[in-house]
Amino acid sequence: ILNDAGLLARMDRYGGLTVEDVRVGEQEDDTVHLLIARARAPLPTGTELPNGRMDVLVATVITEAEMRWSMQNGREALLERLIAGGVGQFSRRDRASVVE
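Numbering (the numbering used here), first residue to last: 1 to 100.
The hints are simulated quantities; they were obtained by calculation from the structure and are not laboratory data. Hints may contain errors.
Label-pair restraints from in silico Cβ distances [as the list claims (entries may be wrong)]:
{"id": "1", "residue 1": "A41", "residue 2": "G74", "range": "19 to 27 Å"}
{"id": "2", "residue 1": "V22", "residue 2": "D55", "range": "15 to 23 Å"}
{"id": "3", "residue 1": "N51", "residue 2": "Q72", "range": "35 to 43 Å"}
Even glycine gets a Cβ: it sits at the ideal position worked out from N, Cα and C.
Take these sequences, add in the hints, and give me the full structure.
Have a look at this one:
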(Lines of atoms letter the chains of each structure in order from A and count residues from 1; the text may use other names and numbers.)
(Lines give C-alpha, C1' and ligand atoms only; values in the text may rest on other atoms or scores of the structure.)
Protein backbone atom coordinates (compact mmCIF):
# COMPACT_ATOMS: atom_id res chain seq x y z
CA ILE A 1 0.00 0.00 0.00
CA LEU A 2 2.75 2.43 0.92
CA ASN A 3 4.74 2.00 -2.26
CA ASP A 4 2.14 0.93 -4.82
CA ALA A 5 -0.48 3.52 -3.92
CA GLY A 6 2.03 6.10 -2.70
CA LEU A 7 0.03 6.50 0.51
CA LEU A 8 2.65 8.40 2.52
CA ALA A 9 3.57 10.64 -0.41
CA ARG A 10 -0.10 11.52 -0.89
CA MET A 11 -0.50 12.12 2.85
CA ASP A 12 2.42 14.54 2.81
CA ARG A 13 1.23 16.28 -0.36
CA TYR A 14 -2.35 16.83 0.83
CA GLY A 15 -1.91 16.88 4.61
CA GLY A 16 -4.00 13.73 4.90
CA LEU A 17 -6.45 11.72 2.83
CA THR A 18 -10.20 11.35 2.90
CA VAL A 19 -12.01 8.15 2.01
CA GLU A 20 -15.74 8.21 1.32
CA ASP A 21 -18.36 5.58 2.11
CA VAL A 22 -16.26 2.87 3.76
CA ARG A 23 -18.53 -0.04 4.62
CA VAL A 24 -18.25 -0.89 8.31
CA GLY A 25 -21.18 -3.17 9.02
CA GLU A 26 -23.15 -5.98 7.50
CA GLN A 27 -25.73 -3.63 6.02
CA GLU A 28 -24.78 -2.13 2.67
CA ASP A 29 -25.72 1.37 3.83
CA ASP A 30 -23.69 1.14 7.06
CA THR A 31 -20.78 3.32 5.92
CA VAL A 32 -18.50 6.01 7.28
CA HIS A 33 -16.26 8.71 5.83
CA LEU A 34 -12.67 8.75 7.05
CA LEU A 35 -9.85 11.24 7.39
CA ILE A 36 -6.50 9.43 7.37
CA ALA A 37 -3.64 11.50 8.76
CA ARG A 38 -0.43 11.15 10.70
CA ALA A 39 -1.08 10.80 14.42
CA ARG A 40 -0.83 13.92 16.54
CA ALA A 41 -0.31 14.23 20.29
CA PRO A 42 -1.69 13.07 22.65
CA LEU A 43 -1.61 9.92 20.50
CA PRO A 44 1.76 8.25 19.92
CA THR A 45 3.14 9.56 16.63
CA GLY A 46 5.61 6.79 15.86
CA THR A 47 8.96 5.39 16.80
CA GLU A 48 12.36 4.48 15.45
CA LEU A 49 12.74 0.85 14.45
CA PRO A 50 15.96 -0.98 13.53
CA ASN A 51 15.14 -0.59 9.83
CA GLY A 52 13.84 3.00 9.92
CA ARG A 53 11.11 5.28 11.17
CA MET A 54 7.56 4.02 11.77
CA ASP A 55 4.87 6.71 11.68
CA VAL A 56 1.42 6.06 13.09
CA LEU A 57 -1.50 6.83 10.80
CA VAL A 58 -4.97 7.37 12.23
CA ALA A 59 -8.27 6.88 10.43
CA THR A 60 -10.84 9.19 12.03
CA VAL A 61 -14.57 9.02 11.28
CA ILE A 62 -15.78 12.34 9.85
CA THR A 63 -19.20 13.66 8.94
CA GLU A 64 -20.54 14.22 5.42
CA ALA A 65 -20.22 18.00 5.93
CA GLU A 66 -16.60 17.62 7.06
CA MET A 67 -15.83 15.46 4.03
CA ARG A 68 -17.18 18.12 1.65
CA TRP A 69 -15.53 20.97 3.60
CA SER A 70 -12.14 19.24 3.43
CA MET A 71 -12.37 19.05 -0.36
CA GLN A 72 -12.52 22.86 -0.50
CA ASN A 73 -10.31 23.75 2.46
CA GLY A 74 -7.86 20.86 2.73
CA ARG A 75 -7.41 17.80 4.91
CA GLU A 76 -4.89 19.46 7.19
CA ALA A 77 -7.32 22.32 7.84
CA LEU A 78 -10.00 19.77 8.72
CA LEU A 79 -7.69 18.04 11.18
CA GLU A 80 -6.97 21.42 12.79
CA ARG A 81 -10.74 22.02 13.10
CA LEU A 82 -11.23 18.59 14.65
CA ILE A 83 -8.48 19.26 17.18
CA ALA A 84 -9.77 22.77 17.99
CA GLY A 85 -13.31 21.38 18.33
CA GLY A 86 -12.23 18.83 20.94
CA VAL A 87 -12.72 15.83 18.63
CA GLY A 88 -9.08 15.35 17.70
CA GLN A 89 -8.36 12.01 16.07
CA PHE A 90 -10.96 10.05 18.02
CA SER A 91 -13.90 8.53 16.17
CA ARG A 92 -17.49 8.86 17.24
CA ARG A 93 -20.11 8.30 14.57
CA ASP A 94 -22.94 10.21 16.26
CA ARG A 95 -21.15 13.52 16.94
CA ALA A 96 -21.97 16.97 15.53
CA SER A 97 -19.88 18.36 12.69
CA VAL A 98 -17.08 20.80 13.51
CA VAL A 99 -17.65 22.76 10.29
CA GLU A 100 -21.37 23.53 10.57
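Right, here's what the structure says about each hint:
Distance hint for A41 and G74: a CB-CB separation of about 21 Å, consistent with the stated range 19 to 27 Å. Range check, V22 to D55: about 21 Å between beta-carbon atoms, so the 15 to 23 Å window is met. Distance hint for N51 and Q72: a CB-CB separation of about 39 Å, consistent with the stated range 35 to 43 Å.
Hint compliance for this structure: every hint is met.
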